[in-house]
Amino acid sequence: MTTTVAADHTTVARRVSVPRGYRFELVKLVSQGRIRLLVLAYWIAPGLFVAAVSRQSTLPSDTLFGRWMHATGWAGPLVILGFAGTWALPLLTSVVAGDVFASEDRLGTWRHLLVAVRSPRRIFVAKALASLSVILLLVAGLACSSAVGGVLAVGDHPLVGLDGRLLAPSDAAGRVFLAWVCVLAPTLALAAIGLLGSVALGRSPMGLLLPAFLALAMQVAQMLPLPVAVRLALPGYAFIAWHGLFTSPAQVGPLVIGIVVSLVWAVLATVLACLLFLRRDFTNPTADGPARRALTTGLLPPAGLLVLTVTVLTVAVPSVGSGIRQDKVQRSVATAFAHLYRLQTRQLDRPDVTEARLRASAACDKGAGQVTPEGPGNDWRCVVSWHLPDVEATGTAVYQLDVTSDGRFVADGDGPKEVNGYFLVRTPVGDAPNPLWQFDGDVELLSTAPKG
Amino acid sequence: MDTLHSVRARGITKCFGDVVALDGIDLDVPQGQIHGLVGPNGAGKTTLLGLLLGLAVADSGSLEILGTPVRRALAAPDGVAGFVDGPGLYPSLTARQNLAALSVLRGGDARTAGIDEVLDQVGLTDVADDRTRGYSLGMRQRLGLAAALLTKPRLLVLDEPSNGLDPAGRRHVHGVLNQLAAGGTSVVLSSHRMDDLEALCSEVTILATGRVVFSGPPGKLAAENRELDYRLLTSDARAAREEAADTAGIRVVDGVGPRYGAEVLVVRALVPALDELVVRLVHAGVAVRELTPVVSPLAAAFLALTEQPGEQPEQSEQSEQPTRQSTEQEEDGR
Numbered sequence: 001m002t003t004t005v006a007a008d009h010t011t012v013a014r015r016v017s018v019p020r021g022y023r024f025e026l027v028k029l030v031s032q033g034r035i036r037l038l039v040l041a042y043w044i045a046p047g048l049f050v051a052a053v054s055r056q057s058t059l060p061s062d063t064l065f066g067r068w069m070h071a072t073g074w075a076g077p078l079v080i081l082g083f084a085g086t087w088a089l090p091l092l093t094s095v096v097a098g099d100v101f102a103s104e105d106r107l108g109t110w111r112h113l114l115v116a117v118r119s120p121r122r123i124f125v126a127k128a129l130a131s132l133s134v135i136l137l138l139v140a141g142l143a144c145s146s147a148v149g150g151v152l153a154v155g156d157h158p159l160v161g162l163d164g165r166l167l168a169p170s171d172a173a174g175r176v177f178l179a180w181v182c183v184l185a186p187t188l189a190l191a192a193i194g195l196l197g198s199v200a201l202g203r204s205p206m207g208l209l210l211p212a213f214l215a216l217a218m219q220v221a222q223m224l225p226l227p228v229a230v231r232l233a234l235p236g237y238a239f240i241a242w243h244g245l246f247t248s249p250a251q252v253g254p255l256v257i258g259i260v261v262s263l264v265w266a267v268l269a270t271v272l273a274c275l276l277f278l279r280r281d282f283t284n285p286t287a288d289g290p291a292r293r294a295l296t297t298g299l300l301p302p303a304g305l306l307v308l309t310v311t312v313l314t315v316a317v318p319s320v321g322s323g324i325r326q327d328k329v330q331r332s333v334a335t336a337f338a339h340l341y342r343l344q345t346r347q348l349d350r351p352d353v354t355e356a357r358l359r360a361s362a363a364c365d366k367g368a369g370q371v372t373p374e375g376p377g378n379d380w381r382c383v384v385s386w387h388l389p390d391v392e393a394t395g396t397a398v399y400q401l402d403v404t405s406d407g408r409f410v411a412d413g414d415g416p417k418e419v420n421g422y423f424l425v426r427t428p429v430g431d432a433p434n435p436l437w438q439f440d441g442d443v444e445l446l447s448t449a450p451k452g
Numbered sequence: 453m454d455t456l457h458s459v460r461a462r463g464i465t466k467c468f469g470d471v472v473a474l475d476g477i478d479l480d481v482p483q484g485q486i487h488g489l490v491g492p493n494g495a496g497k498t499t500l501l502g503l504l505l506g507l508a509v510a511d512s513g514s515l516e517i518l519g520t521p522v523r524r525a526l527a528a529p530d531g532v533a534g535f536v537d538g539p540g541l542y543p544s545l546t547a548r549q550n551l552a553a554l555s556v557l558r559g560g561d562a563r564t565a566g567i568d569e570v571l572d573q574v575g576l577t578d579v580a581d582d583r584t585r586g587y588s589l590g591m592r593q594r595l596g597l598a599a600a601l602l603t604k605p606r607l608l609v610l611d612e613p614s615n616g617l618d619p620a621g622r623r624h625v626h627g628v629l630n631q632l633a634a635g636g637t638s639v640v641l642s643s644h645r646m647d648d649l650e651a652l653c654s655e656v657t658i659l660a661t662g663r664v665v666f667s668g669p670p671g672k673l674a675a676e677n678r679e680l681d682y683r684l685l686t687s688d689a690r691a692a693r694e695e696a697a698d699t700a701g702i703r704v705v706d707g708v709g710p711r712y713g714a715e716v717l718v719v720r721a722l723v724p725a726l727d728e729l730v731v732r733l734v735h736a737g738v739a740v741r742e743l744t745p746v747v748s749p750l751a752a753a754f755l756a757l758t759e760q761p762g763e764q765p766e767q768s769e770q771s772e773q774p775t776r777q778s779t780e781q782e783e784d785g786r
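Line order of the protein sequences matches chains A and B. Using our numbering, read the first sequence as starting at 1 and increasing by one per residue. Using our numbering, read the second sequence as starting at 453 and increasing by one per residue.
Keep in mind the hints are simulated off the structure, nothing from the lab. Built from N, CA and C at the ideal position, the CB exists for glycine as well. Any given hint could be a false lead.
As the list claims (entries may be wrong) - Facing chain B, a subset of chain A residues (Cβ under 7 angstroms, in silico):
no.	residue
1	V16
2	F24
3	K28
4	S31
5	Q32
6	G108
7	H112
8	V115
9	A116
10	R118
11	H157
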């Protein structure tokens, strides 16, 4: 006769709690050389870069806020933010979230982990939280390092916004902080897509590179003359929409839409990754992983979300086409010019004059008047007019504009030389950069103002 | 008298799509027994071990582990440890860190979990602070065993634990497993190494295409089995050949090649006939220095029962494991 071992002290082994699983995943992530290297690089390199570039005579003026790096330490973190949205954040989400599941496939440790934790759901949650923590640490590194580097190298000075308005240091610091917080949303979306790729494609390199590829595709898409609704429906739009924080009033609409879209993508991709992971059979030796289901479960819902978002935004947002219209360009150029004119006036130690009294306006056309004045292009030309108190004549200045499809523009002064035709102005204390020579601006794509 | 069983499986069937991995398997593993699973690749060994670890649940049949019925995946009872498909180790961590992380994961305290003790048990103390990235397969196997030992298991499930082990490492691991079994822990292990299974296991189960084709003590295989070839080394080869030729049921196998040397005789016989030959040699004053199966009973049974005439299971160090007969003969000769 046989009996099984008495079950007096035998209980079904308890599942490992999420906090313990989270700690385990963190230990594994932090022990990886490339993660340590990334942390080190993201916490040190931006500060050194900003400090070094800010002290050079040649500034990265083709990058948003780059031309102000010599003037204030708060321009540096914004330059880094622009770069981060393009390269650094997709790369870090690829390396961290894109590999967090695939690494177990590569090491052959799934069964070991399942036996230890006893809950695929908790494994998923722990891995997602651990990768999120590391990503947040890296984003914080980029932000803090570049801000500290900028402020230490240049100082805590006012920052010129995208409408030419001077932002007090505390205001600038707050907006810089807010801008970094806002890009967490698209970063989360990329991270969730990384998780999805990692789960769906297993040890395939495509799983690792998915966020980077997607970010690249979104960048290319943002450069195309797409309708505003399509542009806003892309999960990476908030990487651009933070520009709206540096105008007055802030362009909150596109930013909020961008953040909401990013968060919806983050939630959808995370749920899909979780479903794929929970359905995976880790014991089946003939299973080829969930790769075959990736097309249906991993690809179709995001494609459906994109179509749905585009449809909703097409109906909901007031702008059609590119969103770049003549009246908006004229308004943006005139506003920025007025603010910067005051700045130049102060530099030259002339009597101050308010924007209201300047009554600056701009008349812009495109393609020398041969094409409809709307949409992106480098063939915009604006003539800015303004009035000075007690002066009969109206001042005029010419600008050549390069307007990109995301609404950003660079205005390049074309004379007269005393106003905007030369990159230096002679001030009582010596030569200084001329704020009216070249400046950056932003056209709000969703503006509800009537066509003028 | 009751026998306590750590594992009791009845009619276990497990399919993966159209593939039947296990087909009505029965398995009993008494407490404190080392039980071997052997079978060709794809026989279902790893699937069965996965069920014991709780990685999956059977499609049909009943499974009790440590007295607890297991009816769903990842619901194996406390006290079950081990690994399938190699030990799960993280190469960026040292051996000590791997064990500490596991210990904390399971809710223990890395300082009091007995990490040093288990590292010492498996002979990895000297390399405990090296990253496992540089570990050999044998060292990884031993660390996997250490990770299982950390939980103080009552049922240890090991998939090919001797893979990559050198003779010293294998002896070390055997010592650990025997010690565990003596302490009441049941061990279920799979291996392609017949010498390991014969040295360690009090019972073996041979699987073929998902079915049990033999289950019992390895010694029973010799009794049940057909004739085996034995290598016979004596003090007088010519006399031994004459005695063998005169013994009923003994056939001298000629043409075995030069690898055994001229003084070695290969005879084919059942165990009773072999016993008779040994008695006759003693009476004839011929010393028996070695009497070893050319292929072990387990290996021969494996080949016969799994119908793999062309394949040779791994077998090494035969000379280290003389048969009962040769040992007794040496003692008699003294």
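Results for each hint:
1. V16: 6 angstroms, holds
2. F24: F24 of chain A check passes; min Cβ-Cβ to chain B is 4 angstroms, inside 7 angstroms.
3. K28: Hint holds; K28 of chain A Cβ to chain B Cβ min 5 angstroms, cut 7 angstroms.
4. S31: This interface hint holds because 4 angstroms falls under the 7 angstroms limit.
5. Q32: Holds - the Cβ of Q32 of chain A comes within 7 angstroms of chain B, reaching about 5 angstroms at its closest.
6. G108: 6 angstroms, holds
7. H112: With a minimum Cβ separation of about 2 angstroms from chain B (threshold 7 angstroms), the hint on H112 of chain A holds.
8. V115: 5 angstroms, holds
9. A116: Since the shortest Cβ distance to chain B is 6 angstroms, the answer is holds.
10. R118: At 4 angstroms from the nearest chain B Cβ, R118 of chain A passes the 7 angstroms test, so the hint holds.
11. H157: The hint is violated - H157 of chain A has no Cβ within 7 angstroms of chain B, the shortest such distance being about 44 angstroms.
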